[in-house]
Amino acid sequence: MAVEVRIPTILRTYTQGEKAVQGDGATLAQVIDDVEGRYPGLKARLVDESALRRFVNVYVNDEDVRFTGGLEAPTADGDVVVVLPAVAGG
Amino acid sequence: MRYDSLADSVGHTPLVGLPRLSPAEGVRLWAKLEDRNPTGSIKDRAALSMIKKAEADGTLRPGATILEPTSGNTGISLAMAAKLAGYRLICVMPENTSIERKQILAMWGAEIVSSSAAGGSNEAVAVAKKLAAEHPDWVMLYQYGNPANAEAHYLTTGPEIAADLPEVTHVVAGLGTTGTLMGIGRYFRETKPEVKIIAAEPRYGELVYGLRNLDEGFVPELYDSQYVDSRFSVGSRDAVRRVRELLDREGIFAGLSTGAIVHAALAQGVRAAKAGQTADIALIICDGGWKYLSTGAYTADLDSAEDFLDGQVWA
Chain A
1 MAVEVRIPTI
11 LRTYTQGEKA
21 VQGDGATLAQ
31 VIDDVEGRYP
41 GLKARLVDES
51 ALRRFVNVYV
61 NDEDVRFTGG
71 LEAPTADGDV
81 VVVLPAVAGG
Chain B
1 MRYDSLADSV
11 GHTPLVGLPR
21 LSPAEGVRLW
31 AKLEDRNPTG
41 SIKDRAALSM
51 IKKAEADGTL
61 RPGATILEPT
71 SGNTGISLAM
81 AAKLAGYRLI
91 CVMPENTSIE
101 RKQILAMWGA
111 EIVSSSAAGG
121 SNEAVAVAKK
131 LAAEHPDWVM
141 LYQYGNPANA
151 EAHYLTTGPE
161 IAADLPEVTH
171 VVAGLGTTGT
181 LMGIGRYFRE
191 TKPEVKIIAA
201 EPRYGELVYG
211 LRNLDEGFVP
221 ELYDSQYVDS
231 RFSVGSRDAV
241 RRVRELLDRE
251 GIFAGLSTGA
261 IVHAALAQGV
271 RAAKAGQTAD
281 IALIICDGGW
291 KYLSTGAYTA
301 DLDSAEDFLD
311 GQVWA
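Chains as they are written, first to last, in our numbering: chain A, 1 to 90; chain B, 1 to 315.
Any given hint might turn out to be false.
Calculated pairs, DSBU-like style, for lysine-lysine (alpha carbon to alpha carbon, straight line, at most 35 Å) [said to hold, decoys possible]:
(1) B/53 - B/83
(2) A/43 - B/129
(3) B/83 - B/196
(4) A/43 - B/130
(5) A/43 - B/196
(6) B/53 - A/19
(7) A/19 - B/102
(8) A/19 - B/192
(9) B/129 - B/52
Honestly, the hints are just simulated from the structure, not real lab data.
The task is simple: from the sequences and hints, build the whole structure.
Written out as structure tokens, the structure reads:
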């Protein structure tokens with residue numbers, strides 16, 4: 001399942017400045033592993049002992065994965081995965 | 001309706017059906033008009049609740065100085081309450097918030113400490129915490145962690161929705177401090193747990209997320225994800241589109257965070273329709289569009305509006 005993964009500014013050092021990279025996988029975990037293969041070091045910034053890091057939010061088609069299965073959230077062809085740092089609002 | 005004072009009139013807002021915006025037969029949208037609060041936003045509920053609690057427990061004494069990190073509406077609510085009660089108010093705000101917010105705060109007599117645009121709201125919080133540590137006699141009500149914020153919604157907003165819409169199936173609110181969601185969420189978990197609580201989270205431009213280390217992120221202390229069922233990220237383009245639709249189709253002039261909420265509510269409605277379900281979706285209109293006029297959100301072409309908002313803490 002080919003998905004687009006959008007990378008926040010702070011993590012673009014791992015993707016040679018690319019704002020978005022292609023990933024492959026049927027779950028978010030698989031997509032992250034796939035992207036890690038080509039951009040080493042990225043996974044460790046997102047995942048901490050098999051869970052998403054506390055201050056990292058990931059959305060698949062604009063929906064927060066923490067409510068759709070976390071790292072097991074399904075990903076399908078054409079999905080867009082967005083990674084963002086957690087920020088305040090209000 | 002008669003109240004002894006302006007403060008007593010907070011809340012009790014109307015719930016208005018949106019027949020033209022509802023996406024399908026059997027899926028009904030209902031808007032709770034929180035701009036019908038004394039200073040024009042839902043924050044009046046939280047601000048009043050936090051002040052009352054601080055007065056009751058002795059934290060807030062006559063003539064005290066209140067300090068708060070706020071991107072606008074909470075500051076405005078607090079400014080009104082502070083002016084009437086004789087407190088001094090200092091708001092810490094990122095410099096890239098709309099000019100109307102700064103003007104209104106100054107009008108109410110609040111003082112503004114600007115934090116850097118690049119630091120976003122996270123930095124406003126950090127600067128406020130630092131100022132609070134330097135001035136122990138100042139009172140930081142701290143909307144992001146003060147239980148009285150969520151409690152206002154647990155005691156008033158949630159019950160009002162339930163009373164007006166007993167058949168409610170979904171409630172959609174903005175995710176900022178998370179107070180609204182936590183209060184409404186806890187209320188429905190206790191009284192009608194099948195109601196789905198949907199969070200609409202504004203997605204900002206890159207500048208706002210900045211270059212800070214991911215470990216320096218921020219999650220409001222109030223936030224407990226058990227009270228939320230889904231969380232949607234909504235960009236400025238969609239928020240702008242939806243406030244225009246709301247205005248065109250239902251005549252409601254709402255602020256930009258409401259655009260994000262409407263977007264998430266419509267997504268939820270479409271989902272229900274596709275599943276062949278009926279739904280009664282209550283959504284929060286947080287404030288009116290007045291403070292956002294200068295952003296071009298209601299008048300400029302969509303591309304220009306999106307570009308302008310990109311660097312702003314727009315919600």
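Here is what the structure says about each hint:
no. : hint         : result
1   : B/53 - B/83  : 17 Å, holds
2   : A/43 - B/129 : 32 Å, holds
3   : B/83 - B/196 : 38 Å, violated
4   : A/43 - B/130 : 33 Å, holds
5   : A/43 - B/196 : 32 Å, holds
6   : B/53 - A/19  : 46 Å, violated
7   : A/19 - B/102 : 33 Å, holds
8   : A/19 - B/192 : 43 Å, violated
9   : B/129 - B/52 : 21 Å, holds
The earlier numbered hints that this structure contradicts are 3, 6 and 8.
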